[in-house]
Each structure stands twice: as C-alpha cells, then as structure tokens.
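Participant: For the sequence shown, the working numbering assigns the number 145 to the initial residue and increments by one for each residue that follows.
Hints in this document: simulated from the structure, not taken from any laboratory.
Predicted, not measured: the structure shown is a model, and the values here were computed from it.
Glycine is no exception: its CB is placed at the ideal position from the N, C-alpha and C atoms.
Hints may contain errors.
As the list claims (entries may be wrong) - 30 Å max Cα-Cα, derived DSSO-like pairs, lysine-lysine:
1) K600 with K635
2) K578 with K550
3) K263 with K278
4) K256 with K236
5) K550 with K439
6) K495 with K550
Said to hold, decoys possible - Label-pair restraints from in silico Cβ distances:
7) L198 with V258: 23 to 33 Å
8) E474 with L454: 20 to 30 Å
9) T389 with L198: 50 to 60 Å
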Amino acid sequence: MSKFSNETNILTAVLFSEKNVFSKAASFINKMLMSVLFFSLTFLSCSIISFEELSISSNISTNETYFSENEISLTFSITPDYDTAEKLITLKEDSSTIELTFTWNNNTCKIKPVSDFKKNARYILQLNGNLSTKDNRTYETNFLRTFIYGTQDDYFVLASFENPDVGTNTETITLTFNKPVNISNFEDNFSINPHISTERTYSSDKKTITISPETKWPVNTYFTWNIKKLTSEENYETRREYSQTFCYIHDYLQPGLVSSNLNDRKITDTLSFTFNKIINLQSFEKYFSITPYIKGYYTQEETTITFHPLSNIEIKKEYTIQFSQKITDENSIPLYKDIYKTFIPTNDFLKIQSISINEIQNIALSEDLEISSTTLNSQTTTTTNTTPQINITNTDTLFIEIIFSKPISKDKLTSAEKAITLEAQFPPDVSYPKLTSLNWNTDKTKLSMTYSNISKSYQDVLYKLTVNSSKTYFLTEDEEYMEKDTCVHFKTHLN
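Produce the entire structure from the sequences given, and follow the hints as far as they go.
Facilitator: Here it is, written out as structure tokens:
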C-alpha cells in the first residue's frame, strides 16, 4: 500500500469518528428539547399550581360541651362542591344518624335536623372523606364536633331518690328531679318489677314523686323500679334510664305458737294464744277452728290473740283447736305446720248432793222419770226395796229439802219454783200437791220447800219429785249447770 493510501485511510477513520460524536451530541440535544417541550405543555395545561390548604370552621366550639343555637354553621376556606359536601356531612343523635336540611350561602353551610334539636340529646357532627371544590380540587377531610344540645342549666336529671327501708321507717319510694315532671309521661315510663299495685303522689312543683304500695311491701321480695327516658314539662328529656333494686324487709323466721291458756279454762273464759311473732289477725280469723264449733270474735295485743266465745263452753266436753298452716304473720310468712291443741274445761256439773222428805234423809236419786216394776192397786201392793215410804199419819204436808253441790246464782233463785215439780203417779185420782213455801239458805246451797194437799189415803200413793236440769233454771255463780234431770220416787202411807 502507498503512503497516499495510508493517509487516505487514516483521514477516513478520523472523519467517521467525528461523525459519530456529532451524532450522539445531536441526539442528546434532541432529548433535552423534547423534555423541555413536554414540561412546558404540562405547565400550560393547568390553570394554576396551588399549595393552598382547606380549612373548615364552625359555630360549635371544640372546647364547649353544650351547644344551644338553632342551627349548625360550617364555613369552608375554599368553596366546596355542595352536593359532595352534603353527602359527607352526618349528624348522629344519641348514636342514631338523623335526617338534615342544608342551606348554602357561598362557602357557608347552615345545618339543621329535620325534626329539630332535642334538648339534652348528645350529638356527633362529622365531615369525613374526599371533598371536591368548585374549581375541581380535591381535599381529604376529617372534621368532628360533639356536643349536648341546650345549656348546662337545661339538663333534666333524677337529682336524688330514696328506697323503702324498714330500718329507717321509710315505706315509700321517693324520686326528686331537678325540673317539673310531665306526669302523664312519668306514668307511661315508670315501672316496678315484680308488679305490685302502687299509689303515686306528686308534689305541688311536680319535682318530687312519692310511690307507696296499696297494701304493703311483701317480705323477702326484691323489687326493681325503672324509669325510661323521661320528659319534663318544658319538654326536656333525661338522657339515660334510671333503675334501682331494693328489698323492704328481710324476715326468715317462721311464726310459731309459744303458749296458750288452755290448761285451766273455765266454761266462761276466753282462749288466748301467744306466738313468737305478730300474727295477721285476718288470716287467723279465717284459718283458726274449734271443734265442737263455738261462735266468737277475736282481739289482738302484740303477739297474743284472744278468742272470745259468744256462748259458754260445755262442761266436761273435749274441744280440739286447729291452727292451720295457712295462718300467716304480719309479713305473710305462714306457720311451719298445722298445730292441734285439745282441752277440757275445769268446771264440774252442778250436782244434787241430797234430797230429804220429812223424816227420810238422803233419798236415793234416779235418772228414770218412771219407776219400773212397780204396780200399785187396791188389791195388790208390790214395791221395790229402793222406794222410800213417807209416813203422813199426823200431817198432810211434805217438807222437802234439796242440797246442791255449789251455790246457786242469785238471779236463778226464783226459778226453782218452775224447775221442781211434785206429782202423784198412782192412783190416778189423787189430788195434785200444792207448793206453799220456798226458801234458800244464806249460802244458797240448800232449798227448802213445803207442799200441801197431800193425799191421806190408807193405800200407798206413789209420788215423783223431778228437778229439771235446764240451764234456764239452775246455774251456779260460775254458770255451771246440771248434767241431766234428777228425780226421786217415794210413797206416802197413812198408818
């Protein structure tokens, strides 16, 4: 190869190398121009680049608990898109989202509940989400306010209460509110469980309510009273329910019979029963029984109940008294079981100790009103050995003396004439004896009688002396009476 050729090749290589350099430079410049152009076009496509922040203010202060204006005001530093803003605004009333009305004036929104604010209700206002502005900007928002509607003085609450307590002699529920209560609303929203009929009394200012049972609080029973949301006369509402439980009286002692006076009762006495607790008299009257039945009435003094019979108890008769388990004390606690008691009154019957006729003493007494196995006629005389014979040779008079076991009551002395009869039984044509005198001794235990018009027939005449046992005739001072009629048979004989 010639020198010229070598030089030519060298020059060609140099030129080629320079061309590559220029080519790369041109490419770089090209890219730079395109970037500048793209940036310029992007910049020109926006109306303006802004770093402005969105702020929201309200008439609800962040450091106030109460809010009392008629409507909520929200003011935006940048006018928002109304529809978007309304969709992001929520207001909760006591945890329930409520329906709102919106009124706009440029960048200020007035907000009110459709059903108006409720006094003392708790509200939560929130604007949360992406908010669009009128100029198509978008801001992320999280605006929150909480408040109680009204003022602190408007708060309607149960200020105090007092439950029934036997220890403090408090028998009523007393509720005191800080504002006058809507009575009709209270009647609808107050309850007590288990149910018991009550009476309610309202104070003149309607702030205090007193509740008492129509009868009384039952023992060992827990009651719970409850007040739902309550409205005052000015339409304020309590924002909570109130509830309290109480038991008026605890009593776990069952009633039982401690003592009675049955061991030494007379027929005129009352019957008394002492218990370990005060007994409910009505339940005692209903479930107390005595057999044989005696009508009577009851009195009570502390733990003792007395039965007053309206008629005397019967002598020597056994009585059974039953205290049913259904008898309760004043707290309605029943007896632990049925109780039975028996007694016999201590009185004894009035007795005739002896009867004497003329000279015959202590004539045998008989329960029979007719003498048996005795026949008297003009032909035959057959008598029993026990029939005494009275000699009337020198008199037509019988002197009869009756001695009683106990003194006779003063107001029954004159009834002896009706109670004692003397009659001739045989022969049938004998004249009827006549009572001519009747006298009592000082002790009122001995009755002396004189009968005239006694037959002086030479044949034996059979007489019967009867003492009627009716209580209307003979009673002792203790109102004791004879058990049965008593009679004697005797013959008169003229020697």
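Participant: Work down the list of hints and note, for each, if the structure agrees.
Facilitator: Okay, the hints, checked on the actual structure:
Proposed proximity of K600 and K635 is supported: the alpha carbons are some 11 Å apart, at most 30 Å. A hinted pair counts as satisfied when its Cα atoms are at most 30 Å apart, and K578 with K550 qualifies at roughly 27 Å. The hinted pair formed by K263 and K278 fails the criterion: a straight-line CA distance of about 36 Å is larger than 30 Å. Distance restraint check for K256 and K236: the Cα-Cα separation of roughly 12 Å lies within the 30 Å cut-off, and the hinted pair is therefore satisfied.
Taking the CA atoms of K550 and K439, the gap is about 28 Å. The hint holds against a cut of 30 Å. Simply put, K495 and K550 have alpha-carbon atoms about 8 Å apart, close enough for the 30 Å limit, and the pair holds. Between L198 and V258 the C-beta distance comes to about 28 Å, which sits within the given range of 23 to 33 Å. Separation of E474 from L454 is about 27 Å and conforms to the stated range, judged on CB atoms against 20 to 30 Å.
For the hinted restraint 50 to 60 Å between T389 and L198, the CB-CB distance of approximately 54 Å keeps it satisfied.
Violated hint for the displayed structure: number 3, the only one.
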